[in-house]
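Let the sequences and hints guide you as you build the complete structure.
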Amino acid sequence: MTRHRPVVRRRIGATDEGEAYLYRAVCGGCGWSGTDHPAHLYATDDRDAHLVEVTPPEEERCRQPKRHRSAPHDRCALCADQLALPGL
Numbered sequence: 001m002t003r004h005r006p007v008v009r010r011r012i013g014a015t016d017e018g019e020a021y022l023y024r025a026v027c028g029g030c031g032w033s034g035t036d037h038p039a040h041l042y043a044t045d046d047r048d049a050h051l052v053e054v055t056p057p058e059e060e061r062c063r064q065p066k067r068h069r070s071a072p073h074d075r076c077a078l079c080a081d082q083l084a085l086p087g088l
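When we follow UniProt numbering, the leftmost residue of the sequence shown carries the number 1, and every step to the right adds one.
Hint data in this document are derived by calculation from the structure and do not stem from the laboratory.
Among the hints, erroneous ones may be present.
Said to hold, decoys possible - Using C-beta positions, here's what the derived DEER-type ranges look like:
| id | residue 1 | residue 2 | range |
| --- | --- | --- | --- |
| 1 | E17 | V54 | 19 to 25 Å |
| 2 | L85 | T55 | 21 to 27 Å |
| 3 | A39 | P65 | 40 to 46 Å |
| 4 | H68 | G31 | 42 to 48 Å |
| 5 | P57 | G31 | 45 to 51 Å |
| 6 | S33 | A80 | 25 to 31 Å |
| 7 | E60 | R10 | 32 to 38 Å |
| 8 | K66 | C30 | 21 to 27 Å |
| 9 | A20 | D81 | 31 to 37 Å |
Note that the structure is a prediction, hence the values are computed from the model and not measured.
Each residue gets a CB set at the ideal place from its N, CA and C atoms; glycine is no exception.
Okay, here's the thing in structure tokens:
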């Protein structure tokens, strides 16, 4: 089970106009990294798109993330193999 915790990192890089801050989303769990962007907002969009890509199917997601201390986009070992109660 890979835990995906992507973050946006800032670095100084060369651009056409000289040096500037560049932002990139990086996921330490799977090694994924987005492209360099001049604005934090674009890197955040890359991060959110990555989380949508790796989100497990609905039946494997955690039904009680706070109680199980799990992120909504991670597979929950406690909830994954349980059937939903009828009528709830």
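For which of the previously enumerated hints does the structure constitute a violation, in increasing order of number?
1, 3, 4, 5, 9
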